[in-house]
Amino acid sequence: HTHTHTHTHTHTHTARGATTLVNGTASSDGGPNPFTDPFFIIETLCIIWFSFELLVRFFACPSKTVFSKNLMNVIDIVAIIPYFITLGTELAETSQSSGGQQAMSLAILRVIRLVRVFRIFKLSRHSKGLQILGQTLKASMRELGLLIFFLFIGVILFSSAVYFAEADDPSSSFTSIPDAFWWAVVTMTTVGYGDMHPVTIGGKIVGSLCAIAGVLTIALPVPVIVSNFNYFYHRETDGEEHAQYLHVSSCEHVGAGPADTLDALDVLDERTCSSPSSLSKSEYAVMDEAFGRPDYDDTETHQNCVNIKKIFTDV
1 HTHTHTHTHT HTHTARGATT LVNGTASSDG GPNPFTDPFF IIETLCIIWF SFELLVRFFA
61 CPSKTVFSKN LMNVIDIVAI IPYFITLGTE LAETSQSSGG QQAMSLAILR VIRLVRVFRI
121 FKLSRHSKGL QILGQTLKAS MRELGLLIFF LFIGVILFSS AVYFAEADDP SSSFTSIPDA
181 FWWAVVTMTT VGYGDMHPVT IGGKIVGSLC AIAGVLTIAL PVPVIVSNFN YFYHRETDGE
241 EHAQYLHVSS CEHVGAGPAD TLDALDVLDE RTCSSPSSLS KSEYAVMDEA FGRPDYDDTE
301 THQNCVNIKK IFTDV
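At position 284 of the sequence shown (counting the first as 1) the number is 284 in the UniProt record's numbering, and the numbers step up by one without a gap.
The set of hints was computed from the structure by calculation and includes no laboratory data. These figures come from a predicted structure and were not determined experimentally. Do not take every clue at face value.
[Unchecked claim] Calculated cross-link-like contacts (lysine-lysine; reagent style DSS-like; alpha-carbon spacing at most 27 angstroms):
#, residue 1, residue 2
1, LYS69, LYS128
2, LYS128, LYS138
3, LYS138, LYS69
[As the list claims (entries may be wrong)] Label-pair distances were calculated between CB atoms; the ranges are:
#, residue 1, residue 2, range
4, ILE212, GLU241, 39 to 45 angstroms
5, THR189, ALA107, 29 to 35 angstroms
6, ILE225, VAL117, 39 to 45 angstroms
7, PHE52, ILE108, 26 to 32 angstroms
8, PHE35, ILE212, 56 to 62 angstroms
9, ILE85, LYS128, 33 to 39 angstroms
10, LEU87, ILE212, 51 to 57 angstroms
Think of the CB as a built atom: it goes at the ideal place given N, C-alpha and C, for glycine as much as any other residue.
Work the whole structure out from these sequences, hints included.
What follows is the structure, encoded as structure tokens:
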């Protein structure tokens with residue numbers, strides 16, 4: 001299952017990006033006959049390959065339950081199904097179509113076509129940077145929640161303040177407190193579109209305080225998020241370097257020794273080859289202690305050792 005999964009995703013990596021671009025372009029074009037459109041033909045070929053890939057991985061997976069619960073596999077299914085729904089809707093439109101039904105069908109098709117963009121999330125399986133970013137966001141959910149909570153409080157306070165500050169000016173664009181929410185969000189995030197702006201002195205003072213409060217609010221959780229990113233990044237890079245060093249050292253120095261130590265090293269070698277960053281500090285200590293033992297025979301090499309450079313090159 002692992003080899004089939006790896007080889008299949010290697011071939012579909014480029015096709016997935018191409019079909020995402022094609023889908024986005026085709027969605028904006030309203031051709032007279034969609035079945036003769038080159039974009040539709042390319043998408044059909046990509047969907048055939050994606051469906052074949054999904055079926056192969058499903059039947060090759062030992063546990064169908066684990067396969068169905070995997071988030072990436074769910075994204076695959078959600079990305080493929082809209083094509084068949086779109087195809088059935090367009091076939092139904094060719095047989096019978098009226099003005100109201102056609103408008104409703106077009107609205108449904110636009111929503112379904114938007115779902116197909118989620119195929120881009122499949123690229124995270126091939127990118128270490130995206131995986132590290134996902135781990136960082138997952139570890140920083142508490143800080144991000146506090147950031148959104150503080151922004152929510154600031155939006156309510158400053159939108160209410162600017163509304164009452166601009167209430168006496170007839171030329172003001174703040175007609176209500178909910179209408180000022182947009183201005184407060186844009187100001188606190190320092191975007192500043194300029195479509196809504198205060199015109200009175202009191203409103204400008206409130207706007208200045210809103211901008212300053214927004215900068216301080218956003219800047220507070222950023223160091224924690226950056227610290228989490230550095231942790232996951234260095235854990236990944238240090239794990240790869242440490243695993244490479246340990247594999248090379250074990251090839252040169254590890255030989256016959258106590259049975260329990262060798263069994264532990266066999267397990268750690270398998271875990272290191274699959275994911276170098278998954279080893280804990282205690283497991284690294286076991287390997288370092290085993291490599292430094294003086295009672296090992298240097299004439300024999302460890303048979304389960306694999307050159308990690310070769311693994312990284314193949315990947």
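Taking the hints in turn, this is what the structure says about them:
1. LYS69 <-> LYS128: 22 angstroms, holds
2. LYS128 <-> LYS138: 15 angstroms, holds
3. LYS138 <-> LYS69: 19 angstroms, holds
4. ILE212 <-> GLU241: 39 to 45 angstroms: Holds - the Cβ-Cβ distance for ILE212 and GLU241, about 44 angstroms, lies within 39 to 45 angstroms.
5. THR189 <-> ALA107: 29 to 35 angstroms: Between THR189 and ALA107, where Cβ atoms are some 31 angstroms apart, the hint holds.
6. ILE225 <-> VAL117: 39 to 45 angstroms: Given a distance of about 26 angstroms, which is not inside 39 to 45 angstroms, the answer is violated.
7. PHE52 <-> ILE108: 26 to 32 angstroms: 27 angstroms, holds
8. PHE35 <-> ILE212: 56 to 62 angstroms: Once the Cβ atoms are compared, 58 angstroms apart, the range 56 to 62 angstroms for ILE212 and PHE35 holds.
9. ILE85 <-> LYS128: 33 to 39 angstroms: Holds, at about 34 angstroms.
10. LEU87 <-> ILE212: 51 to 57 angstroms: 54 angstroms, holds
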